[in-house]
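Asker: Sequence:
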Amino acid sequence: MGIGYADEYGIADRRRGALWIRVPVKPGAGAPLLDRVHALRQRQAMNHMLCQYCGRPTDDRPDGRHLFLLPAGTGRPITDGERTTAPPVCDGCAVEVRDHPSVRRRCVAVWVEEVTAWGVAGVVYAPATFRPVPGEHGERFTLVAYGDPRLRWTLACREVVALHGCTAVDLEDLRERTAT
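Just so you know, the sequence shown maps onto residues 0 to 179 in numbering that gives the first Met the number 0.
These are calculated hints, taken from the structure and not from any lab test.
Each residue gets a CB set at the ideal place from its N, CA and C atoms; glycine is no exception.
Incorrect hints may have been included.
[Said to hold, decoys possible] Mimicking SDA-like on lysine to any residue, the simulated pairs with C-alpha atoms at most 25 Å apart in a straight line are:
(1) 25 / 92
(2) 25 / 60
(3) 25 / 4
(4) 25 / 61
(5) 25 / 84
(6) 25 / 37
(7) 25 / 156
[What the hints assert, rightly or not] With beta-carbon atoms standing in for the labels, derived distance ranges:
(8) 135 / 7: 38 to 44 Å
(9) 132 / 61: 41 to 47 Å
(10) 169 / 3: 43 to 49 Å
(11) 10 / 105: 31 to 37 Å
(12) 172 / 4: 46 to 52 Å
(13) 25 / 136: 29 to 35 Å
With the sequences and hints as input, model every part of the structure.
Answerer: What follows is the structure in structure tokens.
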């Protein structure tokens, strides 16, 4: 039927049919890691549209759009239907982290009108051997859509959403607007 924990506990371990990785929860402990997101915090941020850095809601704009910082590695503009595991950010945190080297060099900013749940990113296990299946193109996690038969064989580590109504934004313009 799929993978599971021997002591599986309903909604704590599964959501939308996906088995989720278990991670320790220690609020306030440690330092923020701008290039990584805690699995549970990432899922909560995606499901409730919370800023990935400060945890505040990002839906307080009059136009209802959300701001996302996405990897710029592809060299192409962000398009409608783009999938991501990166939670949204609030204006204040976007301006604050803009000057962090890992963000400035590797990210583009985009306003998003609509965000829809798409699936998960995780480790897919082979039904015959119960061994992890290598990720596509050598990636750490495989993207698996909700409804995909592989979902029941996937240990989910990140929520994946699809972005619609995307408009590129210059973080320097946002900085000036936020300052006024």
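Asker: Look at each hint and say if it fits the structure.
Answerer: Hint-by-hint comparison with the structure:
1. 25 / 92: 22 Å, holds
2. 25 / 60: Not satisfied, since the Cα-Cα distance of roughly 31 Å exceeds 25 Å.
3. 25 / 4: Cα-Cα ~22 Å, so holds.
4. 25 / 61: 34 Å, violated
5. 25 / 84: 22 Å, holds
6. 25 / 37: The hint holds at about 10 Å.
7. 25 / 156: 18 Å, holds
8. 135 / 7: 38 to 44 Å: Violated, since residue 135 and residue 7 (Cβ atoms, about 28 Å apart) do not stay within the stated range.
9. 132 / 61: 41 to 47 Å: 45 Å, holds
10. 169 / 3: 43 to 49 Å: 46 Å, holds
11. 10 / 105: 31 to 37 Å: Between residue 10 and residue 105, where Cβ atoms are some 34 Å apart, the hint holds.
12. 172 / 4: 46 to 52 Å: Taking Cβ atoms as reference, residue 172 and residue 4 lie about 47 Å apart, which means the hint holds.
13. 25 / 136: 29 to 35 Å: With a Cβ separation near 33 Å, residue 25 and residue 136 satisfy 29 to 35 Å, so the hint holds.
In this structure, the earlier hints numbered 2, 4 and 8 are contradicted, and the remaining ones agree with it.
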